[in-house]
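Protein chains in written order, with the working numbering: chain A, 1 to 399; chain B, 1 to 283.
Everything labelled a hint here was simulated from the structure, so no lab data went into it. Mixed in with the good hints there might be a few duds.
Straight-line Cα separation of at most 30 Å, DSS-like style, residue types lysine-lysine; simulated pairs [as the list claims (entries may be wrong)]:
hint, chain 1, residue 1, chain 2, residue 2
1, B, LYS130, A, LYS238
2, A, LYS6, B, LYS130
3, B, LYS128, A, LYS238
4, A, LYS395, B, LYS86
5, B, LYS179, A, LYS238
6, A, LYS6, B, LYS151
7, A, LYS10, B, LYS131
8, B, LYS128, A, LYS246
9, B, LYS128, A, LYS6
10, B, LYS86, B, LYS151
11, A, LYS246, B, LYS130
12, B, LYS151, A, LYS395
13, A, LYS246, B, LYS86
14, B, LYS86, A, LYS10
15, A, LYS238, B, LYS86
16, A, LYS6, B, LYS131
17, A, LYS395, B, LYS13
18, B, LYS86, A, LYS6
19, A, LYS238, B, LYS151
20, B, LYS130, A, LYS10
21, B, LYS128, A, LYS10
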Amino acid sequence: MRIFRKELRKIFQFRVIVLFALFAVIFGYLFFAWQYYPGYYVNSAYDVPFYEELVAEYGATLSKTEYQDVLKKREELIDQVEVYIREDIVFQENDVTTYAQFQESHAKEAVTDAEMAVQEETNRFWFRNEATQWLLFRIQVLDNMERDVQFGRIYADEDALRIYADFLNSNSYEARERLKALFMRDEMSLLPDAVYELLNTDFFNLVILVVVCCFVLMLPYQISDRLRGILPIAVSTKTGRRIFGKQMAACVVTGGIVAAVLGGIYSILLAQKHVFVFWDCPLSHNPYRLWVDMTMGEYWILCMVLLVGISMTGALLSYFVGRLSSHYITGLAAAIPAAVIYCAGIRFFTKYMFMIGDMYFYRSYGHSLFRTFGGLLLLAGIAVTMVMVLLRRDKERDL
Amino acid sequence: MLTISDVTKCYGKNTAVEHISLDLDNGLYGLLAPNGAGKTTLIKMITTLLMPTSGEILWNGVEIHRLGAQYREIIGYLPQQFGYYKNNSPRQYLEYLAALKGLPTEGLRERIEEVVAQVGLSEVLNTKMKKFSGGMLQRVGIAQAILNDPKILILDEPTGGLDPKERVRFRNIISAMSKDRIVILSTHIVSDIESIANQVILIKDRQIYRNDTVSAICAELNGKVYEQSMSNEAYEAFEGDHFILSARQEYDGMTVRFFSEEKETEGRTCVPNLEDFFLVTFR
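So here's chain B without its partners, still in its complex pose:
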């Protein structure tokens, strides 16, 4: 189990995150917050890139900096800005990272081919990465993160630049992996985690706001999310009085999804989703 115990991180007078406490066991955790809320700071503390100002992070009861290489051996990390050598092929790059991860050379070739196949890049295994698209590069990043079969897989904004097909593929890979390890998926794109996360951790005002299942979080908005059709002219007035979650232009007007604490007579209630909760929380 990964335990984050009352962790705070300050940069001078600015506090990035404070009093973060979490217990993480096998499963997929979606770390959801807007840009600049502290997700990456928390991620970096988990991956030992940053030192907490106070508090500690424990793996099976032992502080991770004390564990050192023993802890880092079991993590796989895909940072927000994925770094690579453009004149390397995926094979060369993964061989380099395998050396850094302490993987033995015996069986390495097969392991590299296995992870590359998992992310669908077998055909370009020996092609220089300067020829890759953004999505292909991201897949290489995922491949390096899972290369050492980590017990803790941390992915920071992994779906940036991926098209819908690649996004679905990515979700399937990650979801399958979360059965027997901790997967932390940090993102501000709600759809990335809505369908696959076992638990969602929302960070607001530098602290944990919610830490629960998707259904439990969404249930808080039961009866408060509505949908209504109206003319474009009516929408202009409606927009000023209500908190709009989404507005879709139809042929004969607008279909508006909105949030209301009070009971609305004109609109029909909808099943709230995680994006609704995100928008309402961080309005």
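Bound-form chain A, shown alone:
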């Protein structure tokens, strides 16, 4: 335990921590989506606050009864936007007086000058008028909800599912039953798409960050011991070649610490952005149909747990690369492709985790629920095997 603590102290040197912190901040500002939240999509700056209000009023989900109540809000919002429409001169000149006419004008292809003028005005209403933007994007949220209900994606019964007969039959039995269960739910989740996209995107950004940080911490630690000639003294002590195992353990723990710290800091930032308002909202709504029922909060906790595992595996990989590198240049030359391949593998197995339907082989429904876990365990197994072979070799080879 004493040696293990001292090895950890060797890894977490002040200068390296400063470098690692600087890199994390720059990377965060360049690539993380949280800083744009809730502006993740153009409309999400309006959608998400509206969803927050709905959650505050109704909780994490909408029952059928509550949904009818929400539909009344739609009518109120349409009434409000029609006031703006009727007051607008361009619309007056082109006999656009209702929300329905407004939508039709916005959607159709403008040919004449008058039609172009009307369309330009609808764009202004959508994108350049604060008051109407606020109303229109909220109506859009409710329109999308209504579309899902009408198309039998929520609150459905067996009759409503008939329109999906072909689609459902193209799936495996397990996927079909799961999809039917999702369609026939009597609780609509109030989780905005933007939140799920944010979590999914930034989960992978966190993966890249922790993997890079592991290599930044681990490579100097491994290579410097060899370059400084510490190993002959260390290996000739009572501890002997067990030092390699202890160093490996220190690396793995470091990976866990890095993931916990970065994941923790990121979670605090998300909390400050009110993302966790949707903590209890189920991840059950189109387009992110998952094999299992879980809330956004449970999904995020799972992501954090996976992040720790991924980071520890990344630490093993960086330990492996560091042990085989004779100096910093070769270490860097080996670390870059190793990190890229590892991150690519993580991406392959975690893009839209647990979703019915594979994002890469879209038609191949019926993939195993455990594809994500299986894939990550495979990567971990490969890393563990490589390191175990290395440690075994180190027990007997000349130093």
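Could you slot chain B onto chain A? The hints should help.
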């Protein structure tokens, strides 16, 4: 007793050392050979860094790899290139090595202060080693080697970079320690061991050439080492015909120390020293 029994080490087709057999008991052993002769290879096998290709090394009759930690617990090793962390102080560095050596924390502080005092670095115990001179670093290396009060102390080229005063200090420390342990001092600097070694082990052509006391080894050259004074011009011709051990420029010519198998009439015989033997053996 440390027994090296017919040990050979090969790297592919190259043989570093072969058929090395030694029995080492308490005392100071000087391992003497030119660069590349196999000293470090032998040292590394004793310290378990290398595995012999054939033969075995035994401590009190048990093979050292089988003993494992039990054997490594009683060795102290200063390698040729001494590794350290430049941002550590001697205290921090020795605490780290104490952990590796399995020393208990109880009494450790005092033990560190004791060994540091022994090597004369008490005043810089908490100073970062990046500020140390080469000699100071070497002394830290010696301190770490003796930290666990080893029964076998192995020092590989320990006096590189030390000035004469530090060399003398080092010899005194090592000599005092050799009373109750095995000390193996590997070097190509003859003066390091001539005055303190109980036994000298010379390696030539990858094998043990001599394993005897200094006086017995030097006695082999009795009557064959001469000293003669001559002019510089005469020295030029003399140099071509004789094996010169040393040549010293005086005010009025040269004083030449040389080796000759035949009896010389002009020079006066000298008491041969270990350096003479080294030069004659490895010419």
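* Satisfaction of hint between B/LYS131 and A/LYS6, Cα-Cα up to 30 Å -> Roughly 22 Å separates the two Cα atoms, so the pair holds.
* To do: With a cut-off of 30 Å on the C-alpha distance, tell me whether B/LYS151 and A/LYS395 pass.
  => Distance of about 24 Å is within 30 Å: holds.
* Is the straight-line distance between the alpha-carbon of B/LYS128 and that of A/LYS238 30 Å or less? -> holds, 26 Å
* Going straight from one Cα to the other, do B/LYS179 and A/LYS238 come out at no more than 30 Å? -> holds, 23 Å
* Taking only the CA atoms, is the gap from B/LYS86 to A/LYS10 under or equal to 30 Å? -> holds, 12 Å
* To do: Given the hint that A/LYS6 pairs with B/LYS130, test it: the Cα-Cα distance must not exceed 30 Å.
  => holds, 20 Å
* 30 Å Cα cutoff - pair A/LYS395, B/LYS13 -> holds, 23 Å
* Is the Cα-Cα distance between A/LYS395 and B/LYS86 30 Å or less? -> At roughly 28 Å apart (the allowed maximum being 30 Å), B/LYS86 and A/LYS395 satisfy the hint.
* Given the hint that B/LYS86 pairs with A/LYS6, test it: the Cα-Cα distance must not exceed 30 Å. => holds, 16 Å
* **Hint consistency between A/LYS238 and B/LYS86 [alpha-carbon to alpha-carbon, up to 30 Å]** => OK: A/LYS238 and B/LYS86 at ~24 Å, within 30 Å.
* Given the hint that A/LYS10 pairs with B/LYS131, does the C-alpha gap stay at or below 30 Å? -> holds, 20 Å
* For the pair we were handed, A/LYS238 and B/LYS151, check the Cα-Cα distance against 30 Å. => holds, 13 Å
Checked against the numbered hints above, the structure violates none of them.
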